[in-house]
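S.K.: Sequence:
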Amino acid sequence: MREFQTLDGSAELRAALIKRRVPKTERRTLQINSFAFRLELILPVDLDETQKHPLLLVLNDAPGGQAVSDRFSLSWESVLVSSEHIIIARLDGHGSGFQGEEILHGVHQRLGTVDAQDQIAALEQLFKLPYIDESKVGIYGKAYGGFLSTVLLLSQNSRFRCGIAAAPITDWRLYGSASSEKYFGFPAKEEYKYQISSLVGLSPSQPQELFIIHGTADATVHFQHSAELVKLLSSLNVNYTLQIFPDEGHTLFGHSQQFMLSSVMAFYKRCFQEKEAVALETSKEDD
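In the UniProt record's numbering, the protein residues as written are 1 to 287.
The set of hints was computed from the structure by calculation and includes no laboratory data.
Just so we're clear, the structure is a prediction, and the values are computed from it rather than from any experiment.
One or more hints might be untrue.
As a list, the in silico DSS-like pairs of lysine-lysine whose alpha-carbon atoms are at most 30 Å apart [said to hold, decoys possible]:
1. 128 / 189
2. 269 / 128
3. 24 / 128
4. 231 / 193
5. 269 / 231
6. 24 / 193
7. 19 / 52
Cβ pair distances, simulated, as ranges [stated by the list, open to error]:
8. 14 / 130: 54 to 64 Å
9. 52 / 3: 43 to 53 Å
10. 28 / 274: 42 to 52 Å
11. 231 / 62: 21 to 31 Å
12. 62 / 246: 23 to 33 Å
13. 11 / 231: 19 to 29 Å
14. 105 / 157: 20 to 30 Å
15. 61 / 239: 23 to 33 Å
16. 14 / 76: 33 to 43 Å
17. 102 / 9: 36 to 46 Å
18. 263 / 219: 17 to 27 Å
19. 127 / 25: 58 to 68 Å
20. 270 / 230: 16 to 26 Å
21. 127 / 237: 26 to 36 Å
We put the CB at the ideal spot given by N, CA and C, even for glycine.
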């Protein structure tokens, strides 16, 4: 029989974590049509399943990525879970990596369609959980995720109350050709495919809270994307909040990052408040 010896039991770390409200993570498999997709839920450590909790859907930054993994991490979403009892969900649907070629290439020439449908189908299954409040659902995405979050938030009969689009891709013709042509082909030959995956055709049926964040020196997703989105929203008489970071790139650092994250958390906290509480808070600010 082999003998094993523990080199480091992380006793000090375990003792320190006892006093911390570290969220717990659940990973599940969702059956959507004929596909089995990975889902991750980040839950409050003291979750009361008899109570309803808001849900925030966090999207991946790029096609081919992996939102659900066994890697441990703590981020601004963890703060929302621990302090505000907001449940975080991530889904690896069509277009995600490490699940086979069929799923990876399922979004070829149709970004914003099947990938958006997967997120909606996942929501419908999550609404069956007794502790999910389907009237308080938000969404967050950056770059490609910002594109997808805008599609889902502003589409007809959206299930989302609010959403954030950070450095969103709004027109794939304005994005780097190496990436856009990989998904859609040459613009001269596939103009129609670019058009149907553009945000220009959106016509929201009801006003939703949209928060747009972008740095003016972003070399990955040029600021023109957000400018075009603002133009579209103005033409549709859709209200939005825009936070611009002059001379900042795709990733924010230092004070800009801190300010952005505090704005993000305040936005979701306000979004998920009851309407009566929001009205009272607004009244106090006016006074």
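S.K.: With reference to the structure, classify each hint as holding or not holding.
M.R.: Going through the hints against the structure:
1. Our distance criterion of 30 Å between C-alpha atoms is broken by residue 128 and residue 189, whose separation comes to about 44 Å.
2. In summary, the hint linking residue 269 to residue 128 is supported, as the alpha carbons are separated by about 23 Å, within the 30 Å threshold.
3. Of the pairs offered as hints, the one joining residue 24 and residue 128 holds, with about 20 Å between alpha carbons and a cut-off of 30 Å not exceeded.
4. For the given pair, residue 231 sits about 22 Å from residue 193 by alpha-carbon distance, which is consistent with the 30 Å threshold.
5. With a C-alpha separation of about 27 Å, the suggested pair residue 269 and residue 231 falls inside the 30 Å cut-off, and the hint holds.
6. A distance of roughly 41 Å separates the Cα atoms of residue 24 and residue 193; the hinted pair therefore is violated under the 30 Å criterion.
7. Taking the CA atoms of residue 19 and residue 52, the gap is about 25 Å. The hint holds against a cut of 30 Å.
8. Distance hint check for residue 14 and residue 130: the Cβ-Cβ separation is about 31 Å, which falls outside the suggested range of 54 to 64 Å.
9. Between residue 52 and residue 3, the C-beta spacing of about 50 Å keeps the proposed range 43 to 53 Å intact.
10. Checked against the hint of 42 to 52 Å, the pair residue 28 and residue 274 fails, with Cβ atoms roughly 29 Å apart.
11. Checked against the given bound of 21 to 31 Å, the beta carbons of residue 231 and residue 62, roughly 25 Å apart, stay inside it.
12. The hinted range of 23 to 33 Å is satisfied by residue 62 and residue 246, whose Cβ atoms lie roughly 25 Å apart.
13. Between residue 11 and residue 231 the Cβ separation comes to about 58 Å, which falls outside the hinted range of 19 to 29 Å.
14. A hinted range of 20 to 30 Å holds for the C-beta pair residue 105 and residue 157, which are about 29 Å apart.
15. As the Cβ distance of residue 61 to residue 239 is approximately 26 Å, the hint placing it in 23 to 33 Å holds.
16. Against the hinted window of 33 to 43 Å, the Cβ-Cβ separation of residue 14 and residue 76 comes to about 24 Å, which falls outside the hint.
17. In this structure, residue 102 and residue 9 meet the distance hint of 36 to 46 Å, their C-beta atoms being roughly 43 Å apart.
18. Take residue 263 and residue 219: their Cβ atoms lie about 23 Å apart, and the range 17 to 27 Å holds.
19. The given range of 58 to 68 Å is broken by residue 127 and residue 25, whose C-beta atoms sit roughly 20 Å from each other.
20. Between residue 270 and residue 230 the C-beta distance comes to about 21 Å, which sits within the given range of 16 to 26 Å.
21. Look at residue 127 against residue 237: about 30 Å separates their beta carbons, and that is inside 26 to 36 Å.
When the structure is compared with the earlier hints, violations turn up for hints 1, 6, 8, 10, 13, 16 and 19 and for no others.
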